[in-house]
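Visitor: Generate the whole structure from the sequences, applying the supplied hints.
Here are the chains, one letter per residue:
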Amino acid sequence: MDEIKLRQALENLPRKRTVLLPALHIVHKEFGFLPEWAMEEVGKWLRVPKSEVYGAATSYANFKLHPPARHEVKVCCGASCWMNGSQHLLKKAEEHLGIEIGERTPDNNVELGKVDCAFVCPRAPVVQIDGVTVGGMTEDELVRAIDALDK
Amino acid sequence: MPKHPQECLCCGIRLPKGHRVTVIELGDHAMDFDTIVIRARKQQDERKRLGVPHVLVATGECGQAAGSIRVLEAIRSQLDRCGVEARLIEVGCNGMCYAAVLVDVERPDYPRVTYGYITPEKVPQLIEESLVSGKVARGFAIGVWEDSPYDGLPTISSLPFWQGQRRVISSNFGVVDPHDIYDYVTRGGYSALSKAITAMSPEQVIDEIKRSRLAGRGGAYFPSGLKLEGCRVATGYPKFLVVNAEEGEPGVFKDRHIMEGDPHRLIEGTVIAAYAAGIERGYIYINGEAGPSIERVQEALRQAEDLNLVGENILGSGFSFLPEIRIGAGGYVLGEASTMHNSIEGKRPLPRVKLVRSVESGVFDRPTVTSNVETLASLPTIVNDGGDWYASIGSQKSAGTKLLCLSGNILRSGVVEAPMGISLRDVVERVGGGAPSGANLKAVLIGGPSGGVIPASLLDVALEEGALEQHGAILGSGGIVAIDDSRCIVDLVRLLTAYNQQESCGECTPCREGTMRMLGIINDIVVGSGSQSDVDTLLYLCEILEPTSLCGLGQGAPHPVLSSLRHFKAEWDEHVVAKRCPSSDCPMRR
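The listed protein sequences correspond, in order, to chains A and B. Count the first sequence with the numbering used here and you get residues 1 to 151, in order. Count the second sequence with the numbering used here and you get residues 152 to 741, in order.
Just so you know, the hints here were simulated from the structure itself, not pulled from any lab data. All figures in this text were calculated on a predicted structure; none of them were measured in a lab. Virtual Cβ for every residue (Gly too), placed ideally from N, Cα, C.
Okay, derived cross-link-like pairs now, DSS-like style, lysine-lysine, Cα gap no bigger than 30 Å in a straight line:
#1 Lys114(A) to Lys498(B)
#2 Lys286(B) to Lys199(B)
#3 Lys16(A) to Lys505(B)
#4 Lys498(B) to Lys29(A)
#5 Lys91(A) to Lys593(B)
#6 Lys44(A) to Lys498(B)
#7 Lys498(B) to Lys64(A)
#8 Lys91(A) to Lys730(B)
#9 Lys50(A) to Lys505(B)
#10 Lys346(B) to Lys548(B)
#11 Lys44(A) to Lys29(A)
#12 Lys730(B) to Lys92(A)
Covered stretches of chain B, going by a simulated chain A footprint (3 or more residues, C-beta under 8 Å):
#13 205 to 215
#14 244 to 253
#15 398 to 409
#16 475 to 484
#17 487 to 500
#18 556 to 562
#19 638 to 647
Guide: Pasting the structure below:
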């Protein structure tokens, strides 16, 4: 999506500040993160200063400000999953990928992270792989799932 | 008044060319509830006549995490392969999340049976035995939805998970088709809305809600009748209703169950609240990651709008309510009402200093009611069955029922609806079955990251407003996490404090600085580098945060620390003094 297409998408929205979050969703859905130039376009259309667009964008935990890695593996570290051994899953993932939580593999293929809750606590322990939530995860299954991620 | 309008001004249907419209005729084009009921009954009768069996698969988020989509596809292909005609319906989970993937089969000649733990591999046998060569697949059956045992199968209500439960607002979970408004109407849906709007005044509706003693189910327990009345009498236009469907607290998933399982109940309750409070505009603010909830609420809203149950001139009454759906983008603090208001306005999602209550000045400084999903979903039954009836359920302190979320080290996890006042022990041990075999229950975390840790010996406490504070915990939104004796309490408190510190929005100094210092101290203690004076500092910080934090996040952050220091002092001492921890899960070992 380039500048023109983005502006076309935004033009469906009223030029009011109230739709700032919906506008950011449109950008994030298209790019997988919020590029600075796109945030500026949003600010221009909604007549919101770009500093305030940035301030809002950085306050929402789900928005990324940098291009994501090709794949994302997130281990749930909420209390229910922690009680069901998710820290061992995290350790295993770190070991298998050779990186620590918050990092990405040198080939930019996999980023390892956490979620604080996937809201499917009865299925603990839970891992999200490329946005898909998988419950009842075991260390072996996690290793298999990571290996199955294409390059 | 236009002489030849193209569309009816109230419901938008195209008018025949040359049609002359009068004000009275405009009213005639509005939908009336009887017509909706007739249509719903027609659909139901037609389905009964055709006698096609129904296969219901629970495909909410918890079901999906257990593989329900693959089960759904396996069933679809199996039905094709066998040439069996059946209606495949995606429903919500009935609360027995521990038994996912849940599949129900409804035959015209056999009561509805719930099958559990279904995998794609089990599907051929399931279909064969329940639809092709027989009527029931005994090996997978959990129970039958009848008043007494049938054909050797136990009733669902006799199962341990259902002991003590009282299904009032969750009665449709797992059985109603969330994508079919007429199915909801067949089960009495929207009759409360029709009754409220056509036969009651807004003041009468508020009165009924006051009599019910319903209190906010998001965790604040503010009296709902009072809140709606406060908005009704406030000055300002337009007024707003914000449906708080953000559900961002770890360990809580009940609102998702409502939105996935019975979204029309939420819509109905929302319109009733708007009518009572004199509100015309609204926002249904849904957590950005709750995919099935978003999809089902969007669809339900569209269907309700099509039938004139939401929107302009509802059921020809003259009352209009126009809600918009907004999708969140994460952050625990987003679930706090004033933060949500800021987000709706396009500002940074931070809490506001509440110099004026938001019923008087909320979204765009207009009178605003912000209500939790569960609270609004309780309104249809209060309008239909009466406030007195609702108040007769529960306890003296708290009326009605509460949806509770069980998880952690527990045999049966899921969503439970129980009368207020039920004991925590009954919920955790009877309904939940206690810790899985081989483990012993040590403690229960109730109230999430703002809650407290209660030892197994003190579980005989009633789940109602104000009753858990004596133990240093809160009922909150109903999240209950069981902890067995292999876990380290201090490490759990570290986890919860880290969460609070991470989620602190940063606006107020006590919370921003306080949670960071608390975390620093706890991190040291957990690995054995802490001292008694660190614990004293920790206590001092807790003392400051509660009265001085701007919102519930900071106010609640001390609870896990204080409650665990009180009830599990020995574990803290092990870390502080002995510098050891018996648990294999504790960072101390590393």
